[in-house]
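**Student:** Chains as they are written, first to last, in our numbering: chain R, 1 to 333; chain X, 1 to 333; chain C, 1 to 333; chain H, 1 to 333.
Be a bit skeptical, because a hint or two may be false.
[Stated by the list, open to error] Simulated restraints, written as ranges between beta carbons of each label pair:
1) R:E276 x X:G140: 36 to 42 angstroms
2) R:G85 x C:S70: 51 to 57 angstroms
3) C:K141 x X:Y46: 42 to 48 angstroms
[As the list claims (entries may be wrong)] These stretches of chain X come out as covered by chain H in the derived footprint (C-beta under 8 angstroms, 3 or more residues):
4) 130 to 141
5) 233 to 246
6) 251 to 260
Since the hints were derived computationally from the structure, they do not count as laboratory data. Don't be surprised by glycine CBs; every beta carbon is placed ideally from N, CA and C.
4 protein chains.
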Amino acid sequence: MLNIALLGAGRIAGVHATAITSHPGSTLVAVSDINTDAAAKLAAHYGAEARTTDAILADPRIDAVLIATSTDTHSDLIERATGAGKAVLCEKPVDLSLARAQTCQTVAARNGKPVMIGFNRRFDPNFSALKAALDKGEIGKPELLSITSFDPAPPPVAYIKVSGGLFRDMMIHDFDMANFLMGAAPLSVSAVGTSIVDPAIGQAGDVDTAVVTLTYADGRIAVIKNSRRAVYGYDQRVELLGSQGLLQAQNMLENTVVKSTTAGVTGAKPTYFFLERYMPAYAAEWAAFVTAVTTGSALLVTLADGVAALAMAEAATQSARSGLPVTLASVLA
Amino acid sequence: MLNIALLGAGRIAGVHATAITSHPGSTLVAVSDINTDAAAKLAAHYGAEARTTDAILADPRIDAVLIATSTDTHSDLIERATGAGKAVLCEKPVDLSLARAQTCQTVAARNGKPVMIGFNRRFDPNFSALKAALDKGEIGKPELLSITSFDPAPPPVAYIKVSGGLFRDMMIHDFDMANFLMGAAPLSVSAVGTSIVDPAIGQAGDVDTAVVTLTYADGRIAVIKNSRRAVYGYDQRVELLGSQGLLQAQNMLENTVVKSTTAGVTGAKPTYFFLERYMPAYAAEWAAFVTAVTTGSALLVTLADGVAALAMAEAATQSARSGLPVTLASVLA
Amino acid sequence: MLNIALLGAGRIAGVHATAITSHPGSTLVAVSDINTDAAAKLAAHYGAEARTTDAILADPRIDAVLIATSTDTHSDLIERATGAGKAVLCEKPVDLSLARAQTCQTVAARNGKPVMIGFNRRFDPNFSALKAALDKGEIGKPELLSITSFDPAPPPVAYIKVSGGLFRDMMIHDFDMANFLMGAAPLSVSAVGTSIVDPAIGQAGDVDTAVVTLTYADGRIAVIKNSRRAVYGYDQRVELLGSQGLLQAQNMLENTVVKSTTAGVTGAKPTYFFLERYMPAYAAEWAAFVTAVTTGSALLVTLADGVAALAMAEAATQSARSGLPVTLASVLA
Amino acid sequence: MLNIALLGAGRIAGVHATAITSHPGSTLVAVSDINTDAAAKLAAHYGAEARTTDAILADPRIDAVLIATSTDTHSDLIERATGAGKAVLCEKPVDLSLARAQTCQTVAARNGKPVMIGFNRRFDPNFSALKAALDKGEIGKPELLSITSFDPAPPPVAYIKVSGGLFRDMMIHDFDMANFLMGAAPLSVSAVGTSIVDPAIGQAGDVDTAVVTLTYADGRIAVIKNSRRAVYGYDQRVELLGSQGLLQAQNMLENTVVKSTTAGVTGAKPTYFFLERYMPAYAAEWAAFVTAVTTGSALLVTLADGVAALAMAEAATQSARSGLPVTLASVLA
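Let the sequences and hints guide you as you build the complete structure.
**Tutor:** This is how it looks when you write it as structure tokens:
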């Protein structure tokens, strides 16, 4: 049984708390947050204790921490927690600064404790079934990957301003999905972006709609499409053309009811947003973390994966500004 | 090259005329109709001659006739045409009277010319693909058949009155489909019917909504659902549960466009009615007739099939009235 | 906060235990079972106490019991629990004997405590969305209902022998679904059944494949299809034709991945069986029970609903034997 | 009634001959081809005359010509035919040389006869329904267009060598589709291409897999994906995200049969290739041409559209070589 502390008590922390307490191999023992009321409330609901982060990291009975704090604290907390001998599951992204993330990776490697980054989509039953079919060779050799990832509605501009931009904040999930499915980092990244959904997003220096093309050393190609607004719901689809077929992971729908009238044949919309769509993924992610920490087996997502996705986001950000392709090597140099 | 005469010049005759003239192995040479203007017009459009039925049947250069006249003339024309040495493709039903149809079957057998009944649905690409999969054993042994067959809107009550009733006029196609797929006639027929779509149909002595259950000697079961009104279009579906799986033939749609908005995900309606849905089937039906007549191979639908479906319609009509199951044997006795 | 005792510690009791403990308004305090080891184990897992049924019913701190014992104990336990002042959620069926169930209904009514029968499908998100669309008039007036309900594989013949037969054990869910959607009991029930899946089921006096037609006083019709074996998974579909359209609730699938190869376009199978398909329904059912008990609002499924479905099962059993339609009135007389 | 001559007697000419002869407003009177046997055979089948191109162009009774010869003759024939007073429907592309196509456009404009380019996909019932929904404002303002266009198998390398390359030969259809749907030419074109399907295609100087991103002056983005090989069939899909929803045109399937077994739920593949998929589009294209020529109404696809698509192909070819975005202005300069 793993004793777990949760750093952060916001909305996503609540999702993780449910996963931790529902798993037979882990117990939530402590919660910390700069908002001590929030920490106290969340802790009480699950029979855990509200503590300071310092106290948590100093407590030898705590085996692992789940970091669900604001992005600017991730690198520090990963370094401190691994330094204190804790296993870590940290929400994405590692950092908004690639250099800082790389330093964190070095420190964590030295500390020698497992660090998993919360790219929850790898654990989505649909995407993981697609990956399994690919790995079994069901479509032969992959050639052309396409990821569609649209949010239902843009976040407030205030959030946009501190988010690191669409590529680091939103498309980073899709970069990781590309890495997961293609099994390699791309050679180069070409991005175009626009603020066609809301000019205020453009005025804040960001884009709300973007297309990124990735090229690979062996000739494969991937393309990622993002929009901050799909009024019909959260649109999360992947398709991969291979030498012997096509794999597609389609949207999950709110229900299976179909209505046929003179107006046409109407079905339900996709599940609304990430909490609805990825709830099973959060539980599967946590189970995978518990298994890896308990048995010492390999993590499905590592800190290195977090850094790799961040590097692609950095390259895409540069490419969208310059209008030119950016090699991953130039960003990592 | 077969020389063909078309008896009848109404709407369905026009559909057949296109099939006849488009086929490389047949030529439309003559058209007759009690409405001589209609015959003249249809003949002119396809470069054929408008003639009397007598003249057509007396003409030794005519190889085959397609009978698309009113139902009450079918038996007489089948007998006369086969007596005159013509091959025959006759629209369904053979007759409204089972006894008359049986006599016709005897006469035609004596005349020894091929007679095909126009159960066009056997030639629908979807239903014939389902049959092919069944025959290849893809779902093992069939056990439970379900046929859904809804028209978009009821015909005028004036038509209902002379139609022979829903079971002989509409469900007769589904009885033939059951015979086609099950490969055997049922033991007994249980029908319930209601005039819930339009009370005027009930006042005319008919039903507009009906469910018929068929039982088979080997324990299999089939159920047929009919409605005279499905406002979203022509609903023509078949599903067959077997020991190793399920086969379903679904509706064809007007197009493949899907629209996702805040109101849901909407696709096109089914193709509107039988002309839209079964146009490819009419062409395939004609091609099969030409092949059988030209090569002497077996017909896919025979006059016996027409009589068998009519017997089931007779049994269903009796069952709907009495509320009791009716054996096919009692109807055929 | 409701204090709940669980009577029964088998597989379905485990499902209910999860629903009870996950709900913020209920606590699992006690578990009983004739298998005391099973009761102890289940109780320990959820921090509850293993007790005898007598002790549970005598404990005034317990507000409600969930009855998940074998069918032959349901009526007695409903009577005893309501007599002891407990609200009751009891698994279906109420009893295998319609007369016994009717007596139970009388006793429970006298005891005056709420009794809900576990027709969990009413709470399935798909069927409840279909019902909501119907109630909003989205397809006008309902006319023809069709329910498809196939299990993935038949239970052992030993179970069949004590099950009360397919109509009381399996189709009873579909009878309740018909009552739920049609909002009225049928006039008459016509059933045909066969043991085509496994002759041993026939030798045990039961059928494994059945079609039942229901007629209603206002002319509506419903048809229910059951099979004990659909090798592709649990097939649970409803469709309802109305004066202004069609509503269909389709199967839930294991995932949304679609593979296109030279062999065709393949998607996932339906979720395997009732635990996979109806897990969200069990949670919603429990939540509805808690709300009704806590607020005094009406139950969505009552003991009367349990008796009504049982009466239809009785009529269907008689009809399948005699080959004749059976009125519900004759069964209830 | 329009008298039509067909220039060319290859496979696609046969498709057009059927469309011409099936249309009530046009007659096929002459066929020419450098392969005089092919011309004679095609002419005979449709009751037309095999003639030389010179004789056809000199014949004042011929109203229009359909050019279905090899690409290198298109510009000359358009100029000569319009100079001879004929209306023209010419297969795509106008030319492999953008400069030559532009000259042709000038000459044809001076000649003043209508010239339609055979971008048949604009007439596909699915894409035209999508366009109609867009024009009705059903998804608000378009923002992000995505076109998937995969052939079932690559052509022989010998064909590749003379084809002008994937962008001019294959993706040119998709460039026209983008222009059709977006209603404007793009500002810039970014292409990546690879010969991952067959290295021999790369050795021939072409690519077999490509992704092109288009940017528009108003901030919109389009992305086009091409592959020469999708083993499951002809994959022709469009999706367009707008401010109020998403429109998707999906593949047409060979039939609607769905098989559910222990192996999953399998449906039919997409229609195999362009003849199967676009047969209705060829008929609709011809009908539109006849209407425009007969009534003097505007053509849905003009020679200018042919030149515009060719300019995008030229830009994409340059971009794929340089790795840099290419503005359309630079190509047209």
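**Student:** Does each hint fit the structure? Answer for all of them.
**Tutor:** Tested hints:
1. R:E276 x X:G140: 36 to 42 angstroms: Once the Cβ atoms are compared, 39 angstroms apart, the range 36 to 42 angstroms for X:G140 and R:E276 holds.
2. R:G85 x C:S70: 51 to 57 angstroms: holds (52 angstroms)
3. C:K141 x X:Y46: 42 to 48 angstroms: holds (46 angstroms)
4. 130 to 141: holds (count 4)
5. 233 to 246: Contact hint for the segment 233 to 246 of chain X vs chain H: holds, 3 residues under 8 angstroms.
6. 251 to 260: holds (count 9)
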